[in-house]
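What follows is the residue order along each chain.
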Amino acid sequence: MAENTVDRPFTTRASPERKGWARRFVAPIGRALKFLFTPRIHIPRFVPAILASLILLALIVFFAPTLREWTLAVLPGPHHVEAAGSKDVSADITRLKTRIKNLQKQYTTLLPRRPYLIVDTSNNRYTLMSGGKLIRQGVCSTGSYVLLKAGDDRQWVFKTPRGRLFVQNKEESPVWHKPDWAFIEEGLPVPPVGAPERFETGVLGDYALHLGRGYLIHGTLYKRLLGMPVTHGCVRLDDPDLEVIYKNMAVGSAVFIY
Amino acid sequence: MSPVTAKDTKDASVREPEHTGGRRRILHTMGTIALVCVAVLPAIAALVFLVALPSARVYQRGQPHSKPAVERPATPARDSAGRQKDQEASRLRRDEAFWNARLELAKQETISLAVDLVDSVASLDIHGVPVRNCRIRRIEVSSAVRFLQNRGDWRGRMSKPLVVRSEDATIPKEPLRVTEAPKDTIEAMKLAARPVPSDSMDVFFTLYFDGNLSLTVRQFEKPSSEGSKRHARFRFKENYRQAKKAVTAIVHSKVPQHQMRIEVAVSQDDAKAIYRALGPKAGIALRL
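Chains as they are written, first to last, in the working numbering: chain A, 126 to 383; chain B, 1427 to 1714.
What you were told as hints is all true, and nothing was included just to trick you.
Keeping only pairs whose Cα atoms sit at most 20 Å apart, straight-line, the calculated DMTMM-like set for lysine to aspartate or glutamate is:
| hint | chain 1 | residue 1 | chain 2 | residue 2 |
| --- | --- | --- | --- | --- |
| 1 | A | K226 | B | E1514 |
| 2 | A | K274 | B | D1610 |
| 3 | A | K303 | B | D1610 |
| 4 | A | K274 | B | E1613 |
| 5 | A | K284 | B | D1695 |
| 6 | B | K1609 | A | E310 |
| 7 | A | K226 | B | D1521 |
| 8 | B | K1609 | A | D278 |
| 9 | B | K1616 | A | E310 |
| 10 | A | K230 | B | E1522 |
| 11 | A | K222 | B | E1514 |
| 12 | B | K1511 | A | D217 |
| 13 | A | K274 | B | E1600 |
| 14 | A | K284 | B | E1600 |
| 15 | A | K222 | B | E1522 |
| 16 | A | K274 | B | E1606 |
| 17 | A | K284 | B | E1606 |
| 18 | A | K226 | B | E1522 |
| 19 | B | K1609 | A | D305 |
| 20 | B | K1609 | A | D277 |
| 21 | B | K1616 | B | E1606 |
| 22 | B | K1616 | A | E311 |
| 23 | B | K1586 | B | E1535 |
| 24 | A | K226 | B | D1545 |
| 25 | A | K222 | B | D1545 |
| 26 | A | K230 | B | E1530 |
| 27 | A | K230 | B | D1521 |
| 28 | B | K1511 | A | D213 |
| 29 | B | K1609 | A | E311 |
| 30 | A | K222 | B | D1542 |
| 31 | A | K226 | B | E1530 |
| 32 | A | K284 | B | E1535 |
| 33 | A | K230 | B | D1545 |
| 34 | A | K226 | B | D1542 |
| 35 | A | K230 | B | D1542 |
Since the hints were derived computationally from the structure, they do not count as laboratory data.
Kindly produce the complete structure, drawing on both the sequences and the hints.
Structural data, given as structure tokens:
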């Protein structure tokens, strides 16, 4: 083992024990790497080159949008802004500001004058508004998105319709006129139209607002399910919420459902 | 003839490899250089056709025309103030375009979306009534937009609603659950007792419009591990779609168009509500 000298004082750092320790751990790793990367068959030079080329090409094609973004980010932006149509830019600015104010005013006139209801079917919440101000908000239940398939090629999708609807009719102590699917989903035989089994009282709460095409805003006996998408398309509310909505909204009031 | 000695033989054998080795080395080097050039050539071609040319096209479109529309005296003070006024006028024209588009959407029956990147608000509107205001937490706009946003034709485009041509998302548009009608009341009771499935999924979606413009809405909250994988697959699909479009353009001897991307981040609830509310061919008003 070489010893440190005055000319080469740092030739040897490790003690014999430490060198043996390094040989024990590093040498096997080196041997394994050598084994893995030593080719055993003759591969022509052009093969790895073509492979590398193809990989590079694929990467460029795949990341081309990102590369373009970087290129455009580096390039200097346009130095000009399109000049005004007339020589007097201040007049243009004033005209534009007036025009924008008129457009915004036109937009605000689209708000309903009467109280209106907004129903969020994604999060099962409702908001009652009047003149742009909040009156009340809370939880509701909307369509379950269940596709019920009856054996005879009939099927129903239970979802709440979206868009702008209007209150067609208001009713106190509503009676439910049960459609066919109400019997099919309970495994019961479907009675004829007008049969007494078709009418059920007390399940729709104290009030109902008709939105057309059989959809209602009504109360519910299943209050623990409020806030979940469990209905057959109607909007279910808790009793206090339903009462406030019933009293604030008239026939013709708008209901916005999204 | 003098006998060949061992020394001569030895000298010859020592001399011979040097000549052959030198020439071989030169040929080997030249071959390697040629191989590298050939290997790099497709990559260079790809960079030119897929990156440089489309970027140059966008850059060129954003440059001023040869002569300004209105001549103004070129004094330094006037230039600075005049430039500021021009910029303000340009900003106001973009705002005017946005409100025009929004009013046009108010006349339609569909649910529409107004994305205001200046005030960082995305608003779902039905017939001009804002039903949901969503705060935009993060905005990323493609570099190409800054080249084009002051052009008259861009403003003209923004003054009409953008119509969604196609979309892609990590959540279903309608989370339908198929149920077979029960045979009897016992089976019906079992069905009724099934728990309501949770609808909390990580939300990322992209809306594609004409003219290579797209709007990506993502949730601001950190996704779950499953959501991250879904998002990675979503991104991969998007990149793959772009790559395919670019290669198709090159095959048809056209310069690929650069996809201008606008990405916004809102809360998960907002993102889900926006995606599920927008119907097919929904209209979007955009304010940059």
